[in-house]
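Peer 1: If you want the building blocks of each chain, they are given just below.
4 protein chains.
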Amino acid sequence: MKIAVVYHSGYGHTAEQAKAVARGAQSVSGAEVTMIPVAEDIAWDAIDAADAVIFGAPTYMGSASAPFKKFMDESSKRWMERKWANKIAGGFTNSASQSGDKLNTLVSMAIFAAQHGMIWVGVDLLPGNNNSKGSVEDLNRLGSSLGAMAQSNADEGPDKGPIASDLKTAEHLGKRVAETAARFK
Amino acid sequence: MKIAVVYHSGYGHTAEQAKAVARGAQSVSGAEVTMIPVAEDIAWDAIDAADAVIFGAPTYMGSASAPFKKFMDESSKRWMERKWANKIAGGFTNSASQSGDKLNTLVSMAIFAAQHGMIWVGVDLLPGNNNSKGSVEDLNRLGSSLGAMAQSNADEGPDKGPIASDLKTAEHLGKRVAETAARFK
Amino acid sequence: MKIAVVYHSGYGHTAEQAKAVARGAQSVSGAEVTMIPVAEDIAWDAIDAADAVIFGAPTYMGSASAPFKKFMDESSKRWMERKWANKIAGGFTNSASQSGDKLNTLVSMAIFAAQHGMIWVGVDLLPGNNNSKGSVEDLNRLGSSLGAMAQSNADEGPDKGPIASDLKTAEHLGKRVAETAARFK
Amino acid sequence: MKIAVVYHSGYGHTAEQAKAVARGAQSVSGAEVTMIPVAEDIAWDAIDAADAVIFGAPTYMGSASAPFKKFMDESSKRWMERKWANKIAGGFTNSASQSGDKLNTLVSMAIFAAQHGMIWVGVDLLPGNNNSKGSVEDLNRLGSSLGAMAQSNADEGPDKGPIASDLKTAEHLGKRVAETAARFK
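Residue numbers (the working numbering), protein chains in the order written: chain A, 42 to 226; chain U, 42 to 226; chain B, 42 to 226; chain C, 42 to 226.
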């Protein structure tokens, strides 16, 4: 079972989140995970061959970063040919704001996946840090459902953020997408 | 394999769309389809027992109609208990505008399904009526991906709208959700 | 200059946020603020007479609460008559999650306002709590732009949440909408 | 009063829509309109100097085209400096689908404008072509509110599409944004 993690990272934070997603996917028996950064020559064949594809990008100015959008636009030939139909899909995003407009990035990814005829899998986690006993160390501390959200401070590098809870949430998404792909296959 | 079509219809147009979705689902071998109108006492047990749930509502003032939203809110106990996790889900909407804000209704349904841990299936159809040889009789004539869209004239009853192409698109969605549920099961 | 704050509150948290919005609006010279809870008989005339309308609702299951949606649907006669065209509008929402799907509620409110021909004013604040020196006490600590977001713990009453920073952010929105209405008038 | 029309066009259809928006804006007394294509060196100073900015892009794969997204991302320095705060803003988009995911592009533009502290103006038109006497020649034939939508056939050049009604709708948006900017100034 092949899982592709297709992502863009501007400063390294989203790359850390992507690695966590990959770790989670890899933890599922039989999973073979490929990291596909869109800033380089895109490994289209690896995406075409995947059973599941997990999309990731930072949220810049309210939506997925331009390099990731370029990848989305360039996938239109595959869209026309329905090459990715029925693959399992998921998404993740990172930004400096706690909430900000991260949801808009995830919505655009889910719409994009639907255009390709893909099947969308969210995080399937109740929200964390939403009660008096909660903390930023809770799994799904930002309370996202459609995909995995992470937050990284604007003045700190990827060695400091996303924090452990966000990476665990990303791992959870990777594992869940891989498990769903296994079940579906 | 059990499929629930959970819907609200204000004037009967969305009910026609719901029936078409149900016909499509029913066409899949082994499918047992239940229609669940939210305006009546909601058959929660039937939803809980379903392998797949297809949500439908008219788009009123830019989002799903209030009676459907009431159903969404009332599902929160089940959300807390993760009762619907891993069910297959899909959505459809009707309004008088050709595009209007129907997409916002489908987005809200997909987010709602993700909150419940459901797995979202779109229409998987290229857009119709998007070229010089196209017509309103094309399948997916409105070009939607996340769910099925239909358009019904504001001054005509459900005997006239949604038109045949929109009903066929709805049937396609029902069939696709049922097939995906079968494969997933 | 008349400002209407039209809101629903399920457990009192959004009502606190609404009061803060009203305080902010009231702080502008010449402003006359009316609170209009949608759970009671709606004061439609007061909305019709307003120069600006600020919409508020909790985010339940990914979008504005059903009672607020009911208000939205019931405004359709006014939509048809273009009664609210060119009024200034803004929006706010509260939920237990830090981010959750609050953005979807604000998007639906902005679309709703656009249907009415209203002019949409956001918070106009850089994000708070997005760097190593930030804290939950920062103004706009959730980093929202389209409208004001607040977070209240699921296990605490409106005496504890939204916290002070969220109420100040709500005040800021109220003030900004009123100032914009004054300038526009 | 200065109006900037900032747009990307892949094949010329959105450029036609942009010209129509500009014509509408220019028709308002005192308006001075500048066309700013983002594919070339961006005239940032002209945007900074504008009283109103109207954003336009084709919808590709469910959201604004990558070249337009690049412009959005590159505006982040101005966002930080709040250079565009309180400018009037509006948006438009074109794609081959009748509805498709055009709304998602407009939502992302409205969120983007809100990040900049801009004030959003929609089309303020009831939907056209939504009843038995309607036709594709109606103003606002696609029934959009948040911004202007246009549809152009995938197999025809910009000499054929967007059709006249969509261009008139675009003109209407340009005029409305300029009138609002005049009133606000």
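Read the hints as simulated data drawn from the structure, not as lab findings.
Each hint should be verified, as a subset may be incorrect.
Which copy? The list can't say, so a pair holds if one copy fits it or any two copies do.
The calculated DSSO-like cross-link candidates involving lysine-lysine, where the alpha carbons are at most 30 Å apart (straight line), are [claimed, not checked]:
(1) K174 to K124
(2) K201 to K118
(3) K201 to K226
(4) K174 to K118
(5) K226 to K174
(6) K118 to K43
Peer 1: Evaluate K174 and K118 at a C-alpha cut-off of 30 Å and name the case that applies: within, between, both or neither.
Peer 2: Cα proximity of K174 and K118: across copies only (21 Å, versus 49 Å in one copy).
Peer 1: I want to check one pair: K201 and K118. Are their C-alpha atoms no more than 30 Å apart within a copy, between two copies, both, or neither?
Peer 2: Cα proximity of K201 and K118: across copies only (24 Å, versus 39 Å in one copy).
Peer 1: Treating 30 Å as the Cα threshold, decide for K201 and K226: within, between, both or neither.
Peer 2: Neither, since 37 Å and 42 Å both go past 30 Å.
Peer 1: Using 30 Å as the alpha-carbon threshold, which applies to K174 and K124: within, between, both, or neither?
Peer 2: between (47 Å within a copy, 24 Å between copies)
Peer 1: Could you figure out if K118 and K43 sit no more than 30 Å apart (CA to CA) within one copy, between two copies, both or neither?
Peer 2: within (22 Å within a copy, 36 Å between copies)
Peer 1: How would you label the pair K226, K174 (within, between, both, or neither) given a Cα cut-off of 30 Å?
Peer 2: neither (40 Å within a copy, 38 Å between copies)
Hints 3 and 5, counting from the list given before, are not met by this structure.
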